[in-house]
Every structure is written in structure tokens, then in C-alpha cells.
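> Residue 5 is where the sequence shown starts when you use my numbering, and the numbers rise one by one after that.
Check each hint, because a few of them may be wrong.
Claimed, not checked - When the alpha-carbon atoms are kept at most 25 Å apart in a straight line, the in silico SDA-like pairs for lysine to any residue are as follows: (1) K84 to S160; (2) K130 to A50; (3) K101 to D70; (4) K84 to S104; (5) K95 to Y64; (6) K76 to L124; (7) K83 to T143; (8) K76 to R156; (9) K83 to Q54; (10) K130 to D68; (11) K95 to V131; (12) K84 to F164; (13) K76 to D47; (14) K95 to T132; (15) K83 to D63; (16) K84 to L57; (17) K84 to L158; (18) K95 to S61; (19) K83 to H66; (20) K83 to G155; (21) K130 to T143; (22) K76 to L49; (23) K76 to Q107; (24) K84 to H154; (25) K130 to L49.
Don't read these hints as lab results, they were simulated from the structure. Since the model is a prediction, treat every value here as computed from it, not as a measurement.
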Amino acid sequence: MRWGRPRVLSAGLVAATVLTTVLSVWLGLRLADQRAAEQRRQDILAAARQSALNFTSLDYRHYDRDSGNVLKGATGEFKKEFAAQTAELTKLVAQNKSVSEGQVLEAGIVRSDADSARVLVVADSKVTNTAAPQGQARTYRLQLDLVREHGRWLTSDVEFVG
Numbered sequence: 005m006r007w008g009r010p011r012v013l014s015a016g017l018v019a020a021t022v023l024t025t026v027l028s029v030w031l032g033l034r035l036a037d038q039r040a041a042e043q044r045r046q047d048i049l050a051a052a053r054q055s056a057l058n059f060t061s062l063d064y065r066h067y068d069r070d071s072g073n074v075l076k077g078a079t080g081e082f083k084k085e086f087a088a089q090t091a092e093l094t095k096l097v098a099q100n101k102s103v104s105e106g107q108v109l110e111a112g113i114v115r116s117d118a119d120s121a122r123v124l125v126v127a128d129s130k131v132t133n134t135a136a137p138q139g140q141a142r143t144y145r146l147q148l149d150l151v152r153e154h155g156r157w158l159t160s161d162v163e164f165v166g
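Can you build the whole structure from these sequences, using the hints too?
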């Protein structure tokens, strides 16, 4: 009978050790998943903010560079449509001596998964041109659809909302 009690204690310690190990692994995996989800969220918001800033900050004096920045962060139909309009926009922006200085005020994710996201962005810009040399303040509410391609979040669609 003396040997029974130590065996029960040993079995209890082994069970407690196994349970603690399993619980620690489970909690570690949950924490890693949460960190990955938060990093993805931050990456999506950063890409959407940059895309909106590029889209609302254009200057006729270096429109090629500015439109190039929009295209670098774009993909799919949005990229094709914007690229197709670049020559016409370059002329229009130059004729009107347009300068738009954008500022992102707020951005929020509507939905996201590992490969796509929809983000709403509120941005202001001050626009000066030949018709408004003193400048006009404009507020934009944009819906951006993003997709993850080759490790980067790129804008696949932009819609003006509200």
C-alpha cells in the first residue's frame, strides 16, 4: 500500500504536466493568430491610406510621377482604367495647372480576409487650378477594394461614396 500513493501522485503530476503543456501550446497558437490578424489589419489600412493619399495628391508639375505612384499601388481593372486615362488626364491637369494636396483623415476596414479587403477612407484635399487659384477644399469619401498580390496589398477598385 505504500507504493500506491506515490504512483497516484506521479500519475497526477504527469496528467497535470500534459494538460499544462497542451494549454500553453493552444494559448500560444491563439496569440500568434491574433498577432497575424492585427498585422494584416495594419497592412491593409496602411495600403488603403497610401492609395487614397496618392489618388488625392496630384500636381501638374510632376504628374507623371504622381500618376505613377497611383499605378504602383493599383491592380486589375482599376489599374487598366487609370493607365488608359493617364494621357488625357495629363493634358487636362496641365491645361488647368491643377494641384491637389490630399490628407487622409480616417480609414476603417469594412471587411477583410487573407486575400481581399474593403476599406472606407475619408480624405480632404486642397485643390488649386486656373479656375480656383486661391484653392478649394474638397472632402472625399472613398471605398477602396484591395487584393493581396505577391505579398503586397494593392487597390483593385475605387468608388466615391456619400
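> Against the earlier hints, flag every one the structure doesn't satisfy and list their numbers going up.
Nothing - there is no hint that the structure violates, so all of them hold.
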